[in-house]
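Chains as they are written, first to last, in our numbering: chain U, 1 to 100; chain P, 1001 to 1441.
No lab work stands behind these hints, which were simulated from the structure alone.
Please note: incorrect hints may appear among the correct ones.
Computed list of lysine-lysine pairs in DSS-like fashion (alpha-carbon distance at most 27 Å, straight line) [claimed, not checked]:
1. P:K1390 with U:K5
2. P:K1056 with P:K1118
3. U:K41 with P:K1257
4. U:K24 with P:K1184
Where chain P lies over chain U, by a calculated footprint (3+ residues, C-beta under 8 Å) [claimed, not checked]:
5. 5–13
6. 71–81
7. 92–100
We put the beta carbon where it would ideally sit given N, CA and C, even for glycine.
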Amino acid sequence: MKNLKLTERLGLVSYRNQSKSEIKPHIVVDTDVCNSTCPHKCTTWVCPANCYTMDDNDQVHFQVEDCIECGTCMYACDQGAVDWNFPDPEIGRGVTWNFG
Amino acid sequence: MDEKFDCIVIGGGVAGLAAAMTLARNNMKFLLIERGEFAGSKNVSGGVLWGSDLAKLVPNYWEEEDGGWERFINHRRLTLMDEQSAFTIDFKSSHFNETPYTGVVVLRSKFDNWLSGKVQEAIDASDYAMDSFIATNIKVDEVIMENDKAVGIRTGEDEFHADSVIIAEGVNNLLTRQVGLQDKYVPADHMLTGIKEIIRFDQEVLEQKFQLNGLSGMSNEFVGSATDGVEGGGFLYTNRDTISLGLVLSIKDMREKKKSPHDVLNHFKTHPAIADIIKDGEVVEYSAHVVSSGDSRVMPKELYKDGILLAGESANLLMNAGKAIQGMDYAMRSGILAAETIVKAKEKGDFSSATLKEYRSAMDQSYVMKDINGFQDAVHLLHTETMQQKVPNLLCDFGRQFFTIKNEPTPKSKDMLKGAVKRHASFWELAKLGFKAGKSL
Ligand SMILES: Cc1cc2nc3c(=O)[nH]c(=O)nc-3n(C[C@H](O)[C@H](O)[C@H](O)COP(=O)(O)OP(=O)(O)OC[C@H]3O[C@@H](n4cnc5c(N)ncnc54)[C@H](O)[C@@H]3O)c2cc1C
Ligand code: SF4
Ligand code: SF4
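Could you put the whole structure together from the sequences, leaning on the hints where they help?
Take a look at the structure:
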C-alpha cells in the first residue's frame, strides 16, 4: 500500500462548520514568541496536522483550520506561546470522527 | 432546566457515560454535557476495552445483533521489531470465547454513541425520566466555584446548577486545571501522541487474513523499530471490516529527536511485517489524540474536592506497561465509582470533601489504583532504551539465526543467543533487566 501524504490523510477528516467562512479559532498562538525566543520550534514537526509551518525565512506560522484537536501542541510548547481551548460547537472548527 | 441537579457530568466519553448510567440506575437527577455533535464524535482510542465491566453497565450486551462493539479478543500478539524482522509472542485461546468477554475492540464514534443510547434508556426508566438529560453540542467553559466548592457549570451565558460535578473531560483536562486539581501547564514529559489510521478490507478477506471466526478478533502490540527510535509502541486491532493501526509516541522524545508522528507512522507501515498485512487495504480515516503514559508523576494531586470528582483520563488514569493500553476500562470503573459516591453523598445530604473522599478510598481499593501504584516500575522500564531498542534488536537477531537453515553445520542455540546478546547489549545489562522485570511485573 502506498503511504498517503498528510494532505490526503487530512482530506479524510470530517471537519465541523465547513460551510462557515468565518470561524472562531480555538487555539491562539503568540508567534512573536515562536519567532524570537523559542529555541526549538518543535510544534512545526510534532503537530500531526501540520498546523504549524515554517516559511523560507524560518518564520513560524499557525493556522487552525486543519487542527484535529489532538492536544499535542499544548504539551509540546514549553514556551507559553500556545493558548489552547476546545472549539466552540457552533462557530468553531474541530472534528467529528467517523470511526475514532 | 433551571432547577438544581444532583450532579452534572462533564464529558460523554467512557468515564462520563459510565457515571451517567450509574446515576440513572440509582434514580439521580443529572445532566450530562458533551461538546461533540454526539457522544463519541470527539474521541479516539486504539482500542480494546479490557475487562468485563461493560457487562455491568449493559448486561448481556453480546446478545445484541449490532451492539456498539466490533469484535471480542481471543487472539493476542506481542511483536518485537527491528528494521527488517518481527519476533512475535502469539497466544490464542478458546477460553476467551466465553461471555462476558475479557476484551472487546471498539471504535469510539460508534461505541460511545451506542452506550449513550443505553444511558438514555436508563434515564427513561428512572424517576427522573423528564428531568435528567444528555445534552450534546455544548461546551462547558467553566466550573462555577463558590467558597471553593463546585455549585454548577457555565457555558457561554448560561449557567446550570448542581450539588456536585463529575469532571470526565478526558486527558486534555482544561477544567481539572481550572479548579486547581492539575497544574495549569502540563509538560510533555509523560505524555504521548496517539496516531492512527483506519484501514478497510473486504470483510471476508480481513477474516481470512487474521484467522477470525464470527466476531472473534485479534490484538497486536508492537515494541522496537515500529516507532523509529521514538519512545512508545504500536498497535493493530481488528474491527468488523477494518483494522485500527497506530502508534503512541512520547511527545518529549519527538521534540528532542525532531520526529513527526505522521512520518513515524509511515515508517511503521512500510515495515515488511506490516506492509504485507495492509497491502490491499484502503485508508478511510486518519486521527490523533493525546494519551497519558501511565506514569503517576503526571496525575492530579487529588481525585476530589468539595463538590467535584475526577473520573477517567481527566485524572490521567491509564496503564501501559507494554502488553496493553488500559485507559477505557479505568475510565469505566472510575466513572462507576464516582457516581456511586455521589449517590451516597445525596443520601447523607453532604457533597463536601468529607463525603467525597470516599471516592478516593474506593479507587485505592479498586484494581485501577492498585495496578497504577503496583506497576510504576514496569511503566518506567518500558520507556528505557533497553526495552525500546536493545531487547527487540537482540531477539530479532537471535530469531533470524535460529530460523535460518543453511547447508552447513548449525551452531547451538545458546551460542546464537550469546552472540546476539553481545552484539546488542551485554549480559550484565540483561541480568539487570531480568531482575527489574522480575520485580516490576
Ligand atoms: C491512539 C490511542 C490508542 C488507545 N488505545 C487504547 C486501548 O486500546 N485501550 C484502552 O483502554 N485505552 C486506549 N486509549 C486510551 C483511551 O482512549 C482513553 O483513556 C479513554 O478514552 C479515556 O476516556 P475518558 O472518558 O476519560 O475520556 P474521553 O474519551 O477523552 O472523553 C472525554 C469526553 O469529554 C468531552 N469534553 C471534554 N471537555 C469538555 C467540555 N469542556 N465540555 C463538554 N464536553 C467536554 C469530550 O468531547 C469527550 O467526549 C488509547 C488512546 C489513544 C489516543
Ligand atoms: S514550541 Fe511554542 S514557541 Fe516554539 S514554535 Fe512552537 S508554538 Fe511557537
Ligand atoms: S491540537 Fe493537535 S492538531 Fe491541533 S494544532 Fe495542536 S498539535 Fe496540531
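Mind taking a look at whether chain P covers the stretch 5–13 of chain U? Criterion is 3 or more residues with CB to CB distance under 8 Å.
Answer holds; 5 residues pass the 8 Å Cβ test.
Pair hint outcome, K1056 of chain P versus K1118 of chain P [Cα-Cα no greater than 27 Å]:
Within the cut-off at roughly 12 Å; holds.
Sort out whether K1184 of chain P lies within 27 Å of K24 of chain U, counting only the CA atoms.
holds, 23 Å
Residue count check for the stretch 92–100 of chain U against chain P: does it reach three with CB-CB under 8 Å?
Per the Cβ count (7), the hint holds.
Against the 27 Å threshold, does the CA-CA distance of K1390 of chain P and K5 of chain U hold or violate the hint?
violated, 31 Å
Are the Cα atoms of K41 of chain U and K1257 of chain P separated by 27 Å or less?
holds, 13 Å
Outcome, coverage of the stretch 71–81 of chain U by chain P - at least 3 residues whose beta-carbon is closer than 8 Å to one in that chain
This one holds; 7 residues, not fewer than the three required, reach chain P with a Cβ under 8 Å.
Against the hints set out earlier in the document, a violation occurs for number 1 only.
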